[in-house]
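Generate coordinates for the entire structure from the input sequences, incorporating the hints supplied.
Heads up: the sequence lines are chains A and B, in that order. Quick note, the first sequence lines up with residues 1 to 117 if you use the numbering used here. Quick note, the second sequence lines up with residues 1001 to 1112 if you use the numbering used here.
Honestly, I wouldn't trust all of these hints.
[As the list claims (entries may be wrong)] Distance windows between CB atoms, simulated: (1) A/Leu-39 - B/Asn-1017: 26 to 34 angstroms; (2) B/Asn-1017 - A/Gly-16: 47 to 55 angstroms; (3) B/Pro-1018 - A/Lys-71: 25 to 33 angstroms; (4) B/Asn-1017 - A/Lys-14: 46 to 54 angstroms; (5) B/Lys-1069 - A/Lys-14: 49 to 57 angstroms; (6) A/His-10 - B/Asn-1068: 24 to 32 angstroms.
Think of the hints as simulated: they come from the structure by calculation, not from any bench. Since this is a predicted model, take the numbers as computed values, not measurements. Glycine included, every Cβ here is placed at the ideal spot set by N, Cα and C.
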Amino acid sequence: DTGVSQDPRHKITKRGQNVTFRCDPISEHNRLYWYRQTLGQGPEFLTYFQNEAQLEKSRLLSDRFSAERPKGSFSTLEIQRTEQGDSAMYLCASSPHRSGLNTGELFFGEGSRLTVL
Amino acid sequence: AQSVAQPEDQVNVAEGNPLTVKCTYSVSGNPYLFWYVQYPNRGLQFLLKYITGDNLVKGSYGFEAEFNKSQTSFHLKKPSALVSDSALYFCAGHNAGNMLTFGGGTRLMVKP
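So, in structure tokens, the structure goes:
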């Protein structure tokens, strides 16, 4: 399978614990995005990378959230001191990006569902 | 700021009938518009996009969408609905920027 993969698919944790999600994008895609989706809502942008550089972060990304893409391939999203309000589906997407050609189509993984008790 | 609105939380249609899922946008400059579909506990799947050119765009699974600049709309359509089309549909857009902004989603229910 050469799509975007995310791990774990489901995570249940207690409030105050730290969690980390991993995303492996499509191999030739240089852009990687994280979105958050709560039940019945549209995805909300969190952050994105071009190669290893984190180029934009949403105000939704509090200081408890950190994302990395150390070698420009896979990415991790860590949430520290989880709160019940962090319960959501965390979606990763990737896209190819070439100068002068950015149609913006994103390829999504199946998401990592976080439940904070 | 850019935004995308889907005015209907749910659309109900009988199998075999035409369906329309509405979307309006507020995007500065030339909009890039997309439709995605989401099945339960799954990620989003790309259906179609409008970048430039013909206002009627054809996509996957027999879906199409019509870009209307004067009405700032990008409604999703299908001539004959299938029960298997039942899912959550999201409209999204950007202006050649760096991130997609999504609408709140519309649940499509196709009844046999």
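We went through each hint and held it up to the structure:
A beta carbon spacing of about 28 angstroms between A/Leu-39 and B/Asn-1017 agrees with the range 26 to 34 angstroms that was offered as a hint. Take B/Asn-1017 and A/Gly-16: their Cβ atoms lie about 51 angstroms apart, and the range 47 to 55 angstroms holds. Distance hint check: the CB atoms of B/Pro-1018 and A/Lys-71 are about 49 angstroms apart, inconsistent with the given range 25 to 33 angstroms. Distance hint for B/Asn-1017 and A/Lys-14: a CB-CB separation of about 48 angstroms, consistent with the stated range 46 to 54 angstroms.
Between B/Lys-1069 and A/Lys-14 the CB atoms are about 51 angstroms apart, so this pair conforms to the stated range of 49 to 57 angstroms. A hinted range of 24 to 32 angstroms for the beta carbons of A/His-10 and B/Asn-1068 is inconsistent with their spacing of about 41 angstroms.
Of the numbered hints listed earlier, those contradicted by the structure are 3 and 6.
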